[in-house]
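Knowing the structure of chain U, use the given hints to seat chain G on it.
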Amino acid sequence: MSAARCCGSPQALAGIFVWHLKKTGIRQVPCQFVHLCRAPDGRLITFQYFNFLRRMYVTQYNKDLSQRVKPKSDSVVSPFRESQLDQERKVIHKITPVSPVHHPPLSELREIKPAAETGDPARPPTAESKEERQWREMKLRLDDLPGILARLSKIKLTALVVSTASAGFAMAPVPFDLPCFLLASLGTGLASCAANSINQFFEVPFDSNMNRTKNRPLVRGQISPLLAVCFAASCGVPGIALLTMGVNPLTGALGAFNIFLYTCCYTPMKRMSIANTWVGAVVGAIPPVMGWTAATGSLDAGALLLGGILYSWQFPHFNALSWGLREDYSRGGYCMMSVTHPELCRRVALRHCVALIGLCTVAPILDITTWTFPIISLPLNLYISYLGFRFYRDADRSSSRKLFFCSLWHLPLLLLVMFSCKKSLLEKEEKGDALSGSHGRAVEIRLP
Amino acid sequence: MAAVGAARALRAGGCRYSRFSSSFSSGGGERAGPRFRPPAGSRRDWIGPPDKRSNLRPVIFHVPPHESPLERRLRELREETQAWNQSFWARQNTAFQREKEEFIYSRLKARGLEARDETGQKVTLSAEEMADFYKDFLRKNFRKHMRYNRDWYKRNFTITFLMGQVALVRALRWLRWRSTNAGNQ
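Protein chains in written order, with full-length UniProt numbering: chain U, 1 to 448; chain G, 1 to 185.
Chain U extracted, bound-state conformation (with noise of 0.2 Å):
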């Protein structure tokens, strides 16, 4: 990824780029590979970049802009650094290109906020100005929506929970049935809408405190609380009826449960006591489960293996991640491992590594897959293992990176190879019919 460095000089920068920067929720901006300008006093200036799925900031320290590749990610920053990244501000978000050909339509122009804290007691009277233009009219535009409710509704996280479900539908041992399998998987991702929607709802004060969450909808006051309930009610009630009566009544009520357990009992426990990780991780569990019985209409030893499997991925997903949190969840009231009982947080983390290796190993047993899912995974498995390992020993933020870095592409990756392994049909029903076939032959020698 490399993005070439603009001139710094002001007359080049009067109006001169587009920099395509923010990518809200699932709304993707075109991006455009190289971009040509002309300077005002005539000169070419190029520059280009790749804008896959990261944020470009521009930032201005005493007039001079720079770009950061990397997104400042908040979670990681140490909290006493403080004397550079405070008077550093996040000015620009679109900067529209003024060239004879390509002129940009008044809408975008109207986009251009300057989203900096002014902090800045130096110079009052433009910082108060500045302060007055954040102010918004609290009204919802119809063309922001789409991107409010798919991040009301976590979408992203919604599509990870949707995927798991597949995954378990598709291990399932019956033949693949697609109008089950799409309705199991639009039923889930409903569901999960809902569940995260009201979540949200719940934490509004919470989520303002908190770097990582504090340009939540609700907290924006993009959207109110009535929209945001109605919002979550028409998400779960039919999603749950599109399990119940589309799938079977097994795959609804563990939907129904699940909303239950995140919003009532995970949301509020995450400041109350540190066993809402556990609970968490059940609901991270449940997903899968919910694919296989959608599948088979039954609750069998195989669905229970991969709710085990993603039970266990949850613990070092979520230890690691916060690990760097700490601050932020003491400050807002959050009881999490990390915080009050941090040996125990990296212990747990490195008991569920392990257990995973253990847990791809009955898959064969319970004839989900074949021998080769086990030999096959373990280097994987022994990797997280081994920065699992790491993190219980270091404790400190680069192992805790590392760890869930990991865990983001280990979890898919599993998943794949699983699936690759599955044990076929034809082979079950092979031995299946060899079996019944001597027991048939047998009978007919008994009749005259």
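Take the hints with a grain of salt, since some may be wrong.
As the list claims (entries may be wrong) - Part of the chain U face toward chain G, derived, beta carbon under 10 Å:
#: 1; residue: E137
#: 2; residue: K156
#: 3; residue: V219
#: 4; residue: C230
#: 5; residue: F260
#: 6; residue: R271
#: 7; residue: E327
#: 8; residue: S330
#: 9; residue: R331
Since the hints were derived computationally from the structure, they do not count as laboratory data.
Backbone N, C-alpha and C fix where the C-beta goes; we use that ideal spot for every residue, glycine too.
Chain G only, in chain U's frame:
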């Protein structure tokens, strides 16, 4: 707490411009409410940038000309909740900052170091050393948070329920108006 003076004056004068009220105060009596005044013709609430002490965004509520008792109750509850939230979080965050500074100072002193190094920058402790402080702060404030959580959930539910009632009443009123209009035509 309330910065409704201007709004009340306007109301008394029978002004036809929109009225706004807010109970937001940055605390400590420094200023009696946000200095921002919404544009006169606006009929909606306005939300501002996060407050520096509480990190909560203040809202200036619009007072409609024929406010029903239900709507008034909702608005006053929202204003009161806003002020209550503001005071809790401002106090909480200030206490956190202050105790953090004291902790760092005491730890540095125990090690024989100064609070600032040669360049004048503040000396910081590593995240691991701060972990003791975080654990302690959380434990000390646990009961306060429990009380706050309970009250916050109650208020949140009540406000949302009232909003639902107000929305329903308005919808019925609009339907009645439409049916009478359709009848007249």
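So which hints don't hold here, by number, going up? 2, 5
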